[in-house]
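Asks: Residue numbers (my numbering), protein chains in the order written: chain W, 609 to 859; chain V, 609 to 859.
Among the clues, some could well be false.
[What the hints assert, rightly or not] Only part of the chain V face toward chain W is listed, based on derived beta-carbon distances under 8 Å:
1) 664
2) 678
3) 683
4) 686
5) 687
6) 690
7) 694
8) 714
9) 715
10) 718
11) 729
12) 733
13) 734
[As the list claims (entries may be wrong)] Between beta-carbon pairs, the in silico distance windows are:
14) W:627 x V:796: 54 to 60 Å
15) V:698 x W:698: 56 to 62 Å
16) W:698 x V:786: 39 to 45 Å
17) W:627 x V:698: 17 to 23 Å
[What the hints assert, rightly or not] Chain W is nowhere near these chain V residues, computed Cβ spacing over 12 Å in every case:
18) 630
19) 663
20) 665
21) 701
22) 750
23) 758
24) 791
25) 830
26) 835
27) 837
Calculated directly from the structure, the hints in this document are not laboratory data.
Quick reminder that beta carbons are idealized off the backbone N, C-alpha and C, glycines included.
2 protein chains.
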Amino acid sequence: MLLVKLGGSVVTNKNKALTPRRAALDRMADALSRIDEPLVVVHGGGSFGHYWSVKYGMHTEPARYGRDGVAAVKNSMVQLDLVVLEALHGAGMAPYAVPPAVFVGETGAPVRSRAKEVGRIARSGMVPVTYGDALLHGGGGDSYILSGDRVMGMLAAALRPRLSVFATNVDGLYSGDVEDGELIGEYVPGSSAAGASRAPDVTGGMARKVGEAERMARAGLDVFFVNGNRPRRITDAASGAAFRGTMFRGA
Amino acid sequence: MLLVKLGGSVVTNKNKALTPRRAALDRMADALSRIDEPLVVVHGGGSFGHYWSVKYGMHTEPARYGRDGVAAVKNSMVQLDLVVLEALHGAGMAPYAVPPAVFVGETGAPVRSRAKEVGRIARSGMVPVTYGDALLHGGGGDSYILSGDRVMGMLAAALRPRLSVFATNVDGLYSGDVEDGELIGEYVPGSSAAGASRAPDVTGGMARKVGEAERMARAGLDVFFVNGNRPRRITDAASGAAFRGTMFRGA
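Pulled out of the complex, with its shape left as it was, chain W reads as follows:
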């Protein structure tokens, strides 16, 4: 089984509110349709959900955010999800929409039995599609942003995919700035190389991805960071032909 996260910068133009990158998505969908193995797709919020969450000052920590912000983030994620679902369907796959509330309970914790169901959907030949979202928390009106990266961690723990892929708009993890640094081909969590390489470049969204990927690798799972604008690199990695990106080897 393959678990693939299409980052917000891959599926949307992050510099322009509410703008999907349809052509990039179609190329990605075409590549994913060639993978002959159960597949689960997660996508980020980019200039849809992420845009509104910034506008309304919403974060991953539960708090009493305004209801209007929750509605705006959620509605925009339904809108972006539709674009992703239609791209996959257009490429001949059979997507199956599974919003994260299906397998994330009111407490914010994953419901393991429902997360396992996502795996059965993938094995039945359909492609479960889920995403980061705004969710209510605790039953009293608090809410929070569940990131697509956290969804990756939850699903990876329940499904133990053969390979988990984070597709972003850079080639992988760099030992320094993306501009001057070297692409790290293999990243061993906890190694001194890993420690040395982290400080300068791992900020914001990338830090969260690295955190999730490290946890996944420590749990024995292989995790691959790849450039989502080069979909061929995903199919090459899936088939074992070539790895252009950063591989976190499961410990």
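Mind docking chain V on chain W? Use the hints.
Replies: For chain V alone, kept in the frame of chain W given last:
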């Protein structure tokens, strides 16, 4: 709490594939926004999900339907759901998308704890929005159509709303054809009047609604059939001002 089903013939033009009735929906949203009570909204599939389910020959009984049909029905329901969510948001409400897979398990049975969550969302001031959908069944690749009417029955059993409303494109239940018959103001399940009035007019979609409404009324719940093109009748019924429609009184 109010539980309102917006029938497929209210939210879409059933005679024209994939055509929402935006103006009717906006009028309905405006009326619903005036209800000062927790509200849960369910919508049908109309010329979206229902259209594809007919095209692919899919029914409410689980069977090995094609994956492409499941994907087509599901994607179209995400598309229609977005129209409903945006209409509610546009009218100043805070909709909260809750696809039925959140509270319907792999076996097709409602997950009571998750259905109860829908009530807490409504009481927090947001408006949970759910719908009829295509769902996988049993983990082996079978699927089925979960009707919006069945969703009404499931949520009513878990939430016990003060009033459940089925908004359709006719004024209510008729003692004969809609054209010649009399509108039945009050319908007592199991009464001889009920028996007499059923045979001629209760077919297709209406039969299923009446079946659900009878079960709900037998469980002690009030159920109201109303014309969804006259949203004022819903707010009038909600406030107790007037009832133009058919009321099933809870036994």
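Asks: Now look at each hint and say whether the structure bears it out.
Replies: Structure-based check of each hint:
For residue 664 of chain V, the interface hint is violated, the least distance from its beta-carbon to any beta-carbon of chain W being 12 Å, above 8 Å. Given the 8 Å rule on beta carbons, the hint for residue 678 of chain V holds: about 7 Å separates it from the nearest Cβ of chain W. Among the interface hints, the one on residue 683 of chain V holds; its C-beta lies about 5 Å from the nearest C-beta in chain W, closer than the 8 Å criterion. Hint on residue 686 of chain V holds. Least Cβ distance to chain W is approximately 5 Å, under the 8 Å limit.
A hinted interface residue such as residue 687 of chain V counts as satisfied when its beta carbon comes closer than 8 Å to some beta carbon of chain W; here the least separation is about 6 Å, so the hint holds. Look at residue 690 of chain V: its Cβ gets to within about 5 Å of chain W, closer than 8 Å, so that hint holds up. The interface hint given for residue 694 of chain V is met, as the beta carbon of that residue sits about 6 Å from the closest beta carbon of chain W, less than 8 Å. Because the beta carbon of residue 714 of chain V sits about 5 Å from the nearest beta carbon in chain W, less than 8 Å, this interface hint is met.
Among the interface hints, the one on residue 715 of chain V is violated; its C-beta lies about 11 Å from the nearest C-beta in chain W, farther than the 8 Å criterion. The closest approach between the C-beta of residue 718 of chain V and any C-beta of chain W is roughly 14 Å, which is over the 8 Å cut-off, so the hint fails. Interface hint at residue 729 of chain V: satisfied, since its Cβ lies 6 Å from the closest Cβ of chain W, which is below the 8 Å cut-off. For residue 733 of chain V, the suggested interface contact is upheld, since its CB lies about 6 Å from the closest CB of chain W, less than 8 Å.
At its closest, the beta carbon of residue 734 of chain V sits 5 Å from a beta carbon of chain W; the interface hint therefore holds under the 8 Å criterion. Between residue 627 of chain W and residue 796 of chain V the C-beta distance comes to about 56 Å, which sits within the given range of 54 to 60 Å. In this structure the supplied range 56 to 62 Å is violated for residue 698 of chain V paired with residue 698 of chain W, their Cβ-Cβ distance being about 29 Å. Roughly 41 Å separates the CB atoms of residue 698 of chain W and residue 786 of chain V, a value that falls within the hinted 39 to 45 Å.
Evaluation of the 17 to 23 Å hint for residue 627 of chain W and residue 698 of chain V yields a pass: the beta carbon distance comes to about 21 Å. Against the 12 Å criterion, residue 630 of chain V stays outside the reach of chain W, whose nearest CB is about 15 Å from its own CB. With 12 Å as the threshold on Cβ separation, the claim that residue 663 of chain V sits away from chain W holds: the shortest Cβ distance comes to roughly 14 Å. No beta-carbon of chain W is positioned within 12 Å of the beta-carbon of residue 665 of chain V; the least distance is around 16 Å.
For residue 701 of chain V, the condition that its CB be more than 12 Å from all CB atoms of chain W is violated, with the nearest at approximately 8 Å. The claim that residue 750 of chain V lies off the interface is violated: its Cβ sits roughly 9 Å from the closest Cβ of chain W, which falls inside the 12 Å cut-off. The Cβ of residue 758 of chain V sits about 18 Å from the closest Cβ of chain W, beyond the 12 Å cut-off, so the non-interface label holds. Its beta-carbon lying about 37 Å from the closest one in chain W, residue 791 of chain V satisfies the requirement of being farther than 12 Å from that chain.
Once the 12 Å rule is applied to beta carbons, residue 830 of chain V is consistent with being away from chain W; the minimum gap is 26 Å. Against chain W, the non-interface label of residue 835 of chain V holds: every CB pair exceeds 12 Å, the least being about 28 Å. No Cβ of chain W approaches the Cβ of residue 837 of chain V within 12 Å, the least distance being about 25 Å, so the stated non-interface status holds.
Violation of the numbered hints given earlier is confined to hints 1, 9, 10, 15, 21 and 22; the remaining hints are satisfied by the structure.
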